[in-house]
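Undergrad: Chains as they are written, first to last, in the numbering used here: chain A, 177 to 397; chain B, 177 to 397.
It cannot be assumed that every hint is accurate.
Unchecked claim - Covered by chain B, according to a simulated footprint, are these stretches of chain A (three or more residues, beta-carbon under 8 Å): (1) 179-193; (2) 200-213; (3) 295-302; (4) 309-319; (5) 328-335; (6) 379-393.
As the list claims (entries may be wrong) - Restricting the straight-line Cα-Cα distance to at most 25 Å, the calculated cross-link-like pairs of lysine-lysine (DSS-like) are: (7) B:K182 - A:K253; (8) A:K253 - A:K385; (9) B:K236 - B:K253; (10) B:K253 - A:K181; (11) A:K281 - B:K317.
Claimed, not checked - Computed list of chain A residues with no C-beta within reach of chain B, every gap over 12 Å: (12) S222; (13) N227; (14) R267; (15) G322; (16) D345; (17) Y356.
The set of hints was computed from the structure by calculation and includes no laboratory data.
Cβ coordinates follow ideal geometry from the N, Cα and C atoms, glycine included.
There are 2 protein chains.
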Amino acid sequence: MSEIKKQLFEQLALITQSLASPQRIELLDYLAQAERSVDELSQLTSLSTANTSRHLQILKQNGLVLMRKQGKSRLYKIAGDDVIQLISCLRRTAENHLAEVTRLKQNILPSYIDKEAISSKELLSKMNTCAILLLDVRPLKEFEQGHIKGAVNISPESIEQKINDIPHDKTVVAYCRGPYCAYSYQMVEALRQRGLKALRLEEGFPEWKAAGLPFEINQVV
Amino acid sequence: MSEIKKQLFEQLALITQSLASPQRIELLDYLAQAERSVDELSQLTSLSTANTSRHLQILKQNGLVLMRKQGKSRLYKIAGDDVIQLISCLRRTAENHLAEVTRLKQNILPSYIDKEAISSKELLSKMNTCAILLLDVRPLKEFEQGHIKGAVNISPESIEQKINDIPHDKTVVAYCRGPYCAYSYQMVEALRQRGLKALRLEEGFPEWKAAGLPFEINQVV
DNA sequence: ATATCATTCAATTACTTAATTGAGTAAGGA
DNA sequence: TCCTTACTCAATTAAGTAATTGAATGATAT
């Protein structure tokens, strides 16, 4: 094989090597939601600061995340929508070919398994034809850095507190971080117990945004 | 973080770890074109048989390829279209974020750089509106295992020999293995030197098939 | 100046990788 | 039946890479 082709494969392997660590995948999973500092990420993942910093540098070196300095902190974010799509592809492949993933997904939330999830496409068409209340069930910080156009935020901790304010005349669609996130399941479960019509969006916000669908950002004050 | 989420990330890392070796990416690149035996792959990649076999087993263990026995040989093939899409995503990410890839791609065939490539979408619409001759520029074996519907095969070695038979009244579109493959560039170059109107399809056959676009298979006799 | 946040360094431990060897198996042909 | 071909397997090598920690250093804001 040509030398150049070999070198190209080596470059592709740089990307996969960056992704070949559960810790770094977890970091990317958090970064897919919002830009964050080393310290925040270190707390979210329970890795030491030094270790988190090193993992982030490997990701940065291979182009998967970007960094900017802000005051005392350094904020990291996903380098682009293509990276989110790559992780989505990865998830899909794992689900299709690794039996263990299927098993784990069934265990993640046995009581909330919901066959009635709708796709982004279905949501878009429903929004045109009937009254939908779109709920973003993620921490406020993530909502502020981007959410589906028209969505209303109810952070996971405040579900119980705010749930009674939700009007009964609309179909509720809830979404959260993505396929491995429990929040939208919990929300749908809670709404149904109260007799509301509730559906879960299959995709999370990162996939929605990466697909080029309409979203909006609330500037942090 | 929940234990299950950690385990899910570990499963994702199994896939990326399988892909985290230039040799295995190369093997997958060949397998994306056609089902092949260990021996064939060993010759294509210049790896020893035992080494090739071992790499293939790692890929198989993590669900990226499938194996079947046929007579004395064991034939390996890509496990599914999702794997081809994953590799496409990977390539895209590498091109977007690694400067070295851009540099290498410019070097791969400096004389054949062609801005006039068309996408699969454009090809499909062109096929409805004007007379197109679609050329598959890959070895016959790969063509036989699947090619774009309506395509005619001219194997890379026989370009010079068959090129004068190509009618001048049609627009020629040539495709080959994919973005890192030189054959379609060579074909377009040769056709243009003879004054024919020729375009290159951006995508290779694996991407076309993985996108669910129409293809056909010639059964090997 | 001092506190805060992050990076870097050095050292340790653990794992991965590629390649090789030699034995072993299984299918098919002579 | 035995030989050849095609591949696998298990064990081993050497080299390399990775993950992690704690301490030291560097940068920035108050």
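Undergrad: Compare the structure with each hint and give your call.
TA: Outcome of the hint check:
1. 179-193: holds (count 14)
2. 200-213: As far as the segment 200-213 of chain A goes, the hint holds, because 3 residues have Cβ atoms under 8 Å from chain B.
3. 295-302: Coverage by chain B is violated for the segment 295-302 of chain A (0 residues, Cβ < 8 Å).
4. 309-319: Coverage by chain B is violated here, the residue count being 0 at a Cβ distance below 8 Å.
5. 328-335: violated (count 0)
6. 379-393: With 0 residues close enough to chain B, the hint is violated.
7. B:K182 - A:K253: holds, 21 Å
8. A:K253 - A:K385: With Cα atoms ~14 Å apart, K253 (chain A) and K385 (chain A) stay inside 25 Å; holds.
9. B:K236 - B:K253: holds, 10 Å
10. B:K253 - A:K181: Measuring from Cα to Cα gives roughly 21 Å; hence the hint holds.
11. A:K281 - B:K317: violated, 40 Å
12. S222: violated, 7 Å
13. N227: N227 (chain A) is indeed farther than 12 Å from all Cβ atoms of chain B, at 15 Å.
14. R267: violated, 7 Å
15. G322: G322 (chain A) clear of chain B: closest Cβ-Cβ about 20 Å, beyond 12 Å.
16. D345: holds, 36 Å
17. Y356: violated, 6 Å
The structure fails hints 3, 4, 5, 6, 11, 12, 14, 17 (numbered hints given earlier, in ascending order).
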